[in-house]
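Chemist: Sequence:
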Amino acid sequence: MSETTHDATVAVSAPAAPDEGLTAKELAARHGLTVSGARPSLIEYVRQLWDRRHFILAFSRAKLTAQYSQAKLGQLWQVATPLLNAAVYFFIFGLLLEADRGMSREVYIPFLVTGVFVFTFTQSSVMAGVRAISGNLGLVRALHFPRASLPVSFALQQLQQLLFSMIVLFAVTIGFGHYPDLSWLLIVPVLVLQFCFNTGLALIMARAGAKTPDLAQLMPFVMRTWMYASGVMFSIPIFLADKPAWIANVLQWNPAAIYMDLMRFALIDDYDQKFLPDHVWAAAGAWAVLFALGGFVYFWKAEERYGRG
1 MSETTHDATV
11 AVSAPAAPDE
21 GLTAKELAAR
31 HGLTVSGARP
41 SLIEYVRQLW
51 DRRHFILAFS
61 RAKLTAQYSQ
71 AKLGQLWQVA
81 TPLLNAAVYF
91 FIFGLLLEAD
101 RGMSREVYIP
111 FLVTGVFVFT
121 FTQSSVMAGV
131 RAISGNLGLV
141 RALHFPRASL
151 PVSFALQQLQ
161 QLLFSMIVLF
171 AVTIGFGHYP
181 DLSWLLIVPV
191 LVLQFCFNTG
201 LALIMARAGA
211 KTPDLAQLMP
221 FVMRTWMYAS
231 GVMFSIPIFL
241 ADKPAWIANV
251 LQWNPAAIYM
261 DLMRFALIDD
271 YDQKFLPDHV
281 WAAAGAWAVL
291 FALGGFVYFW
301 KAEERYGRG
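Quick note: the sequence shown uses my numbering, first residue 1, plus one each step.
Keep in mind that the hints were calculated from the coordinates and are not lab data.
In silico lysine-lysine, DSBU-like type, Cα no more than 30 Å apart, as pairs:
hint: 1; residue 1: K211; residue 2: K63
hint: 2; residue 1: K301; residue 2: K211
hint: 3; residue 1: K274; residue 2: K243
hint: 4; residue 1: K301; residue 2: K63
Let's have the full structure, built from the sequences with the hints guiding it.
Modeler: Next up, the structure:
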């Protein structure tokens, strides 16, 4: 490109740069640059998560091993902690407050221990989920991987811990005269459904906890309220028999109560269908699918924001 000056000479100007006038987004696209940590499509995200399945399993095992590494009794605390909680609840609710109304001692103690162990599974998954991102910022900022790996891994850790505790639960149940039969096979679908529910809830809490770290201080109070409302220490239909029917119905349909009651139904001979709400298996499946899918999508939508700021 040239032009004539006032003294009749010809001046040659530099050609326009090929990138001139482009926005930052257009410039990045022109040179093949992509956003660091950009959220992939949902299908691609699922594929990436599946590719990290070995990391998820190894991370959950490492966390489980390290959890009590500083304690002299080590992994025995996995069993001793919920068992001691059950002993305290039995003393307070079973002996002092007589929350075992309508149940023999042979039924109430396995009922209580089952409730404590099963609810602890959900409680621990929620508390681990709250800190899954905020408590692992170094890992999140240093490495590129689907962030859902962390809450899923923590939920898997709590499942492994429950499986260890189930040994004691079986011993307590058998010790009070409830021997294995075909109903014990129901334990497997109950655990699968509860694990799906817990994982979805952990994903939801992980996103919330990443944005609001103070949530970790509030959740113990929320979980304690949920525990008292879920019939861990008492049978909801028996204990609330003199209250309006809708109260018992609402409490029985909450997911924590449903999974506890299904496990009790599987393990305890005298805990039969009359203690369960109608369509209980459909409700258990609905809670599991709703939270597993909803929680996964909810977490995925904020994928690119984790570990920033």
